[in-house]
Structure formats: structure tokens, C-alpha cells
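Add chain B to chain A, keeping to what the hints say.
Line order of the protein sequences matches chains A and B. Those letters in the first sequence? Residues 1 to 212, per our numbering, in order. Those letters in the second sequence? Residues 1001 to 1197, per our numbering, in order.
The reader is advised that the hints may include incorrect statements.
Label-pair distances were calculated between CB atoms; the ranges are [as the list claims (entries may be wrong)]:
1. B:K1088 x A:T38: 28 to 36 Å
2. A:M71 x B:S1145: 51 to 59 Å
3. B:S1119 x A:D52: 47 to 55 Å
4. A:S160 x B:T1055: 51 to 59 Å
5. A:E105 x B:E1090: 35 to 43 Å
6. A:Q135 x B:N1086: 43 to 51 Å
7. A:E106 x B:F1058: 51 to 59 Å
8. B:R1163 x A:K157: 16 to 24 Å
9. A:T208 x B:S1119: 18 to 26 Å
10. B:E1090 x A:P207: 42 to 50 Å
11. A:P207 x B:K1102: 35 to 43 Å
12. A:R178 x B:K1104: 21 to 29 Å
13. B:V1185 x A:T67: 50 to 58 Å
14. A:I83 x B:V1185: 57 to 65 Å
Calculated directly from the structure, the hints in this document are not laboratory data. Glycine residues also receive a C-beta, built at the ideal position from the N, C-alpha and C atoms.
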Amino acid sequence: IKYKKKKKEWQTATTIIAVEFNGGVVLGSDSRVSAGETVVNRVMNKLSLLHDKIYCALSGSAADAQTIAEMVNYQLDVHSIEIGEDPQVRSAATLVKNISYKYKEELSAHLIVAGWDRRGGGQVFVTLNGLLSRQPFAVGGSGSSYVYGFVDAEYQKGMSKEDCQQFVVNTISLAMSRDGSSGGVAYLVTIDEKGAEEKCILGNELPTFYDQ
Amino acid sequence: MERHYMDSKIKGVSTGVSNVNYVCSKTINKLIQVHDRIFCCIAGSLADAQAVTKTAKFQISLHSIQMESPPLVKAAASVMKELCYNNKEELQAGFITAGWDKKKGPQVYTVALGGMLLSLPFTIGGSGSTYIYGYTDAKYKPDMSREECLQFATNALALAMGRDNVSGGVAHLVVITEGGVEHVVIPGDKLPKFHDE
Chain A
1 IKYKKKKKEW QTATTIIAVE FNGGVVLGSD SRVSAGETVV NRVMNKLSLL HDKIYCALSG
61 SAADAQTIAE MVNYQLDVHS IEIGEDPQVR SAATLVKNIS YKYKEELSAH LIVAGWDRRG
121 GGQVFVTLNG LLSRQPFAVG GSGSSYVYGF VDAEYQKGMS KEDCQQFVVN TISLAMSRDG
181 SSGGVAYLVT IDEKGAEEKC ILGNELPTFY DQ
Chain B
1001 MERHYMDSKI KGVSTGVSNV NYVCSKTINK LIQVHDRIFC CIAGSLADAQ AVTKTAKFQI
1061 SLHSIQMESP PLVKAAASVM KELCYNNKEE LQAGFITAGW DKKKGPQVYT VALGGMLLSL
1121 PFTIGGSGST YIYGYTDAKY KPDMSREECL QFATNALALA MGRDNVSGGV AHLVVITEGG
1181 VEHVVIPGDK LPKFHDE
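Chain A on its own, in the form it takes in the complex (with noise of 0.2 Å):
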């Protein structure tokens, strides 16, 4: 994996969020994949699941991040086999933590693993460039730059499910609007206890501000 050819190659420079609620966390991203200017796949799915309570959201360059996403799923399948159980939200980002950390020089991803787990309930992880940490939320990709500020304002302790939801659908509606490289249908999963839900909502569905 030495040879990078940066230019024409396929990037989801792309809007990513997880967010932890009472009882479980959403997800949410957009859906575009470029290769340079141009768009090459304008719907793709970027919330892979890991295990069935665990997704993680992929950003950076496409290739790598969907080859860590798989080779993570493996991992955890054996690793649930293992120990007899459901994994936890920790495991699954601490092999993704180190496959980052350990090739960290080849691949340019960034991953952010959120889930339910019966221990701990609701997590999200951040595992850039191989570090391993939980936050209360976490934005990634290109356009998360731009709602920094939306998300450090709107976001408060304990939201519940819908209100969560919502704030995830308006902040990459913003990121959207804003980042050349981030646009198309936005995609959520929610999990919970019960399990995980998946759900597409169309450009034209999308909350619109005060400029559209």
C-alpha cells in the first residue's frame, strides 16, 4: 500500500457525525464520493456496520477506510465467537485504533465508531490517525469544519432520541450546504438496545435555512 496517487484518487471527503443520546447513539453522514472534481458516486452509503450494534462512519480516503471497515467486521465476528457475546463499542474501535495506528504512514482515513453495548450503553469513539478516545459527540470529514461552531452550540447532555436525530440531520444539512465535497442524500442509523435503524432521507427532505 506505498503507492499513493493522491490526485485522482477516490476521497470521501465528506461530512461524518455520531452523536450519544439517552440510551443509544445516531449516525449520520452525507453521500458523496469525488475523485477530484469530479463526483464519482453520489449516493454512497457511508455507515458500515462493524457488528449489528456497532457502525462506524468512514471518511477520508475511500478505499482505505471501506478496507479498514472490513477487515475491523472480520475481526470483531471472531472476536464475538471468542468471548460468546455481543462486543463491546471499546473493542470495536480499539481494532480500528490499531490498524490506523499501526499504518498510519499508508492510510488516510479517518473512522468514527459509535454503538450500544449493555456495559457501557450509547459510545462514540474518534480513532483519527490512530488515537482512541470517547467523546460525547464527534464531526469528521472535509465538512465538518464548518459546523464546528452549530455543533459546540446545539449540543446538550442527555438529548432523546428524536431531538438527537434532528440535530444530526440539521447539522449535515449545513455541512452540506457549505462543503463543495460533501452532498447528496443524507444517510442515519440510530442504535439502541433493540438494535440498529437504518434510514435515507432524500437532498429535497433535508431541513432547509435561511438562504434556500
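The following block gives chain B in isolation, referenced to the frame of chain A:
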């Protein structure tokens, strides 16, 4: 400022509410008065910005004397734009020109790096502005009152200062109305705090 690049985060918001017209302008570091009711916020290289505003101030005063009336905000913004566009190779500074005039009331203009001039209801600029695009898009409403406007600008500045490593310190705001100009200074510890502070 000793630093070469101005870490300023600037914002201007314009709103008209019945007979009372307000312009709230906000800057962290430098807010230059180019005429009685027209202020200019600078972002980018401090040296370039100062040179341009000095020249612009002179040209606007001369223009106003020749016209025998206070200058239009648009005229002031155009002066900045001419200077930026004609010297675009050497300069690296962006401006927000905001003020009040008798013809159109409160207005906000932005002059971007290459010399583009745009009139907008509100605008943000500087290195810290990328972090608050989402927030300002979500929270701006047309026709805010003076207090709402000040609160909006203060919140946005505080959020940007919290995320941008080269923005910080004190928040300067200037409220320009038909009646005059008012400076509001908010020290860093009095800025609004958000969930992680």
C-alpha cells in the same frame, strides 16, 4: 499586532426593524473607522490591510468633501474593492465594510481576497470563520432586533474563538445606527460558554 497574519474573525450583521436601523459589526482585533458611520473589518495580512484602509480612508474623505455629503457605504466598499482588485497580485487581505447611510440604511459589503464585492445581509470572514458557517446559516434570521443581533454575533465569535487556535482574546463589537456609533467590548472570560466549557 506583531503577527503577520491577522487572526481576526469578523462579522457584520445588518438588519432593519421599523424605523430603527442597526448594523452590528464585530471584530476581534481591528475595526477601522473609515468615516463617521462606516467601519471596515480586516482579515488576512495585517500590513496589507492597514495600508489599504489608510489609503481608502483618505480617498473616502476626499470623495465625501467633493460630494458635500456623507459617503454611501457602497462607495466606501467600492474604494476598497478597487484597491484590492488592482493590486491583487501583491495584497493578501479581505475586508468587510459595513455602515449606515441615508440612502439605503444599514448595509454590509464583503470584499474578498481577489477583489470581489458582494452585498449581503450578513457575512463572516477570517481564519476562524470556517468553523461557524454552519452556526450562522442556522441561526441567522432577517429583521433581528439590536439585542438579538448582538447576541448572535457574540455567540458566533465565542464559538469560533473556541475552535480556531489563532483567534482569541477580546471581542470587539461596533453598533452603527443613524444616531451614531457605539463600541461594545467583551473580554474573553465574559463570552458565552457552551457545553464543553
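- Message: Which constraints among the numbered hints does this structure fail? Numbers only, ascending.
- Response: none
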